[in-house]
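Visitor: Sequence:
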Amino acid sequence: MGTDLEALSFEPLTPVSYLDRAAAAHGDRIAVVDGGQRWTYAELHHRCRRLAGALAPVAGGRPVAVLAPNTHVLLEANFGVPWAGVPLVAVNTRLSAGEVAYILEHSQAAVLVHDPAFDALVSHVLSRMATPPQVVRAGEQYEELLAAAAPFALTPSDERALLSINYTSGTTGRPKGVMYHHRGAYLQALAMVAHTGLSPSAVHLWTLPMFHCNGWCFPWAVTAAGATHVCLPKVEPAQVWRLIREEGVTHLNGAPTVLSMIAYAPEAAPLSGPPVRVATGGAPPSPAILRRMGDLGFDVTHLYGLTETFGPVMICDWRPEWNSLDAHEQARLKARQGVGNMISCRARVVAADGTDVPADGTTIGEIALRGNNVMLGYLNDPEATAAAVPDGWFRTGDLGVLHPDGYVELRDRSKDVIISGGENIASVEVEQAIFEHPAVLEVAVVAAPDEKWGEVPVAYVTVHEGASVTEGQIIDHVKGRLARFKAPKRVVFGELPKTSTGKIQKYVLRETARATPA
1190 MGTDLEALSF EPLTPVSYLD RAAAAHGDRI AVVDGGQRWT YAELHHRCRR
1240 LAGALAPVAG GRPVAVLAPN THVLLEANFG VPWAGVPLVA VNTRLSAGEV
1290 AYILEHSQAA VLVHDPAFDA LVSHVLSRMA TPPQVVRAGE QYEELLAAAA
1340 PFALTPSDER ALLSINYTSG TTGRPKGVMY HHRGAYLQAL AMVAHTGLSP
1390 SAVHLWTLPM FHCNGWCFPW AVTAAGATHV CLPKVEPAQV WRLIREEGVT
1440 HLNGAPTVLS MIAYAPEAAP LSGPPVRVAT GGAPPSPAIL RRMGDLGFDV
1490 THLYGLTETF GPVMICDWRP EWNSLDAHEQ ARLKARQGVG NMISCRARVV
1540 AADGTDVPAD GTTIGEIALR GNNVMLGYLN DPEATAAAVP DGWFRTGDLG
1590 VLHPDGYVEL RDRSKDVIIS GGENIASVEV EQAIFEHPAV LEVAVVAAPD
1640 EKWGEVPVAY VTVHEGASVT EGQIIDHVKG RLARFKAPKR VVFGELPKTS
1690 TGKIQKYVLR ETARATPA
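Start counting the sequence shown at 1190; every next residue gets the next number (the working numbering).
Fair warning: there could be bad hints in the mix.
[Unchecked claim] In silico SDA-like cross-links for lysine to any residue, where the CA-CA straight-line distance does not exceed 20 angstroms:
id	residue 1	residue 2
1	1641	1672
2	1423	1456
3	1687	1699
4	1692	1283
5	1668	1606
6	1687	1437
7	1678	1661
8	1692	1425
9	1678	1666
10	1687	1450
11	1692	1357
12	1687	1347
13	1641	1679
14	1678	1701
15	1668	1628
16	1423	1511
17	1423	1437
18	1423	1542
19	1423	1674
20	1423	1457
21	1687	1328
22	1668	1624
23	1423	1392
24	1423	1453
25	1678	1658
26	1687	1668
27	1678	1628
28	1423	1306
29	1692	1454
[As the list claims (entries may be wrong)] Simulated DEER-style distance windows between Cβ atoms:
id	residue 1	residue 2	range
30	1657	1694	23 to 29 angstroms
31	1686	1625	22 to 28 angstroms
32	1317	1453	36 to 42 angstroms
33	1309	1506	42 to 48 angstroms
34	1641	1700	45 to 51 angstroms
35	1428	1305	18 to 24 angstroms
36	1453	1542	17 to 23 angstroms
37	1627	1548	32 to 38 angstroms
38	1572	1659	46 to 52 angstroms
Note that these hints are calculated values from the structure, not bench results. Ideal Cβ placement from N, Cα and C applies to all residues, glycine included.
Kindly produce the complete structure, drawing on both the sequences and the hints.
Guide: Dropping the structure here:
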């Protein structure tokens, strides 16, 4: 019996369709926990469609920006804004008024939805803009808007249509608007479901900012699985531990610095029951923090990605044959960046001429990526887009090696390599050596100018509460593990500057180091 192919209907891939499925299959189950508020998937579906109905007429085809912490408002925007037929711009909550104004103007956002916590900031932002967007304040105004709106949902006709715009950190100039497409987010969310083991019984705690790479696509991934979102506006270790225990949290994500906050909090104690699955990225985790998290009952998987890759593009897939290795060797393997995730092409490590470096675990090259989870490009910046993808492979700016087993290991950002007396020193290698000292909580190593050697490593260290260690002890500790020339020439103790996602701001430390030569 023949099939009329023309009669078949193919729907474009879009991540917002996961909420349709969740409402149909899990409508009566809890979708969102936000403080004392709870909504089922049927209720979340209805709210998001009403949000789309409210936004579509006023957006007029232009983006909608949201300035909010990890609350139900930003979660709903990940569905309601695309259903309104316009891109979502989730704004970093730690930016200045000038930076937020730039993003709103560059993206041409028609509407700004904001949390009441940012009333003063929004006032400053609007005063800087010649043509400010229409403003919606979360809370009473937001709820009235939803109540008055008719449900609406616009499905994209092209799955590579613009879904969202995520702005880079802008540490070397103005931030760039990274353009995500529906297809990439749909597939990335599906990959995250598979790689992190999400299911209808999962409870996901929002310790990663939803504004960061659309929360690594987890607003859609958790929903695709029919799991529960537990919102957390601010990462406070005591709250994290309370929610883990009271809400039965099974999954969370965060940078290594966030894991340190959790692992060394006064409330930290070994968990009973199955391990809590953790995805970490943003910087190479040290074997020390991986061991500590394992001792507490967390199963940590290392992911690697960038804003330009919808978040995680590589994953350190755990091989069962590694289970027989000792804890130290397991932690070392877990710290690697891994292999391409299930929707990516293989990750390459390339030389300056674009050819692959040998898979020997020692030859350093630049990590190059391509696949379904690579951006459309930078908004209104074709030159930067062309420079980032010179031959169809996105250049990350990260340096690494390819091991014989096919796993990539990051060695440094290209700008973080320290060249001392003609010798290359990977700051990551020095950091991990320092991390092995029991007094060290956090560390970052950067270059400082030096008259004799050109530049030398300087370590910025935060110690555990109640711990004590001297500069000389740290230096001797490194010399006992690495070549002596790799040891820091100076150690500075204190709190480290961080981004809103918990990544250490090395560019701030580099500027400090340049101002105070070793």
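Visitor: Does each hint fit the structure? Answer for all of them.
Guide: Hints, verified against the model:
{"no.": "1", "hint": "1641 x 1672", "in the structure": "18 angstroms, holds"}
{"no.": "2", "hint": "1423 x 1456", "in the structure": "17 angstroms, holds"}
{"no.": "3", "hint": "1687 x 1699", "in the structure": "13 angstroms, holds"}
{"no.": "4", "hint": "1692 x 1283", "in the structure": "13 angstroms, holds"}
{"no.": "5", "hint": "1668 x 1606", "in the structure": "19 angstroms, holds"}
{"no.": "6", "hint": "1687 x 1437", "in the structure": "29 angstroms, violated"}
{"no.": "7", "hint": "1678 x 1661", "in the structure": "10 angstroms, holds"}
{"no.": "8", "hint": "1692 x 1425", "in the structure": "16 angstroms, holds"}
{"no.": "9", "hint": "1678 x 1666", "in the structure": "13 angstroms, holds"}
{"no.": "10", "hint": "1687 x 1450", "in the structure": "13 angstroms, holds"}
{"no.": "11", "hint": "1692 x 1357", "in the structure": "13 angstroms, holds"}
{"no.": "12", "hint": "1687 x 1347", "in the structure": "38 angstroms, violated"}
{"no.": "13", "hint": "1641 x 1679", "in the structure": "15 angstroms, holds"}
{"no.": "14", "hint": "1678 x 1701", "in the structure": "15 angstroms, holds"}
{"no.": "15", "hint": "1668 x 1628", "in the structure": "17 angstroms, holds"}
{"no.": "16", "hint": "1423 x 1511", "in the structure": "36 angstroms, violated"}
{"no.": "17", "hint": "1423 x 1437", "in the structure": "19 angstroms, holds"}
{"no.": "18", "hint": "1423 x 1542", "in the structure": "44 angstroms, violated"}
{"no.": "19", "hint": "1423 x 1674", "in the structure": "41 angstroms, violated"}
{"no.": "20", "hint": "1423 x 1457", "in the structure": "18 angstroms, holds"}
{"no.": "21", "hint": "1687 x 1328", "in the structure": "29 angstroms, violated"}
{"no.": "22", "hint": "1668 x 1624", "in the structure": "13 angstroms, holds"}
{"no.": "23", "hint": "1423 x 1392", "in the structure": "18 angstroms, holds"}
{"no.": "24", "hint": "1423 x 1453", "in the structure": "17 angstroms, holds"}
{"no.": "25", "hint": "1678 x 1658", "in the structure": "16 angstroms, holds"}
{"no.": "26", "hint": "1687 x 1668", "in the structure": "28 angstroms, violated"}
{"no.": "27", "hint": "1678 x 1628", "in the structure": "19 angstroms, holds"}
{"no.": "28", "hint": "1423 x 1306", "in the structure": "12 angstroms, holds"}
{"no.": "29", "hint": "1692 x 1454", "in the structure": "18 angstroms, holds"}
{"no.": "30", "hint": "1657 x 1694: 23 to 29 angstroms", "in the structure": "26 angstroms, holds"}
{"no.": "31", "hint": "1686 x 1625: 22 to 28 angstroms", "in the structure": "23 angstroms, holds"}
{"no.": "32", "hint": "1317 x 1453: 36 to 42 angstroms", "in the structure": "40 angstroms, holds"}
{"no.": "33", "hint": "1309 x 1506: 42 to 48 angstroms", "in the structure": "46 angstroms, holds"}
{"no.": "34", "hint": "1641 x 1700: 45 to 51 angstroms", "in the structure": "22 angstroms, violated"}
{"no.": "35", "hint": "1428 x 1305: 18 to 24 angstroms", "in the structure": "20 angstroms, holds"}
{"no.": "36", "hint": "1453 x 1542: 17 to 23 angstroms", "in the structure": "45 angstroms, violated"}
{"no.": "37", "hint": "1627 x 1548: 32 to 38 angstroms", "in the structure": "35 angstroms, holds"}
{"no.": "38", "hint": "1572 x 1659: 46 to 52 angstroms", "in the structure": "49 angstroms, holds"}
Checked against the numbered hints given earlier, the structure breaks hints 6, 12, 16, 18, 19, 21, 26, 34, 36 and satisfies all the rest.
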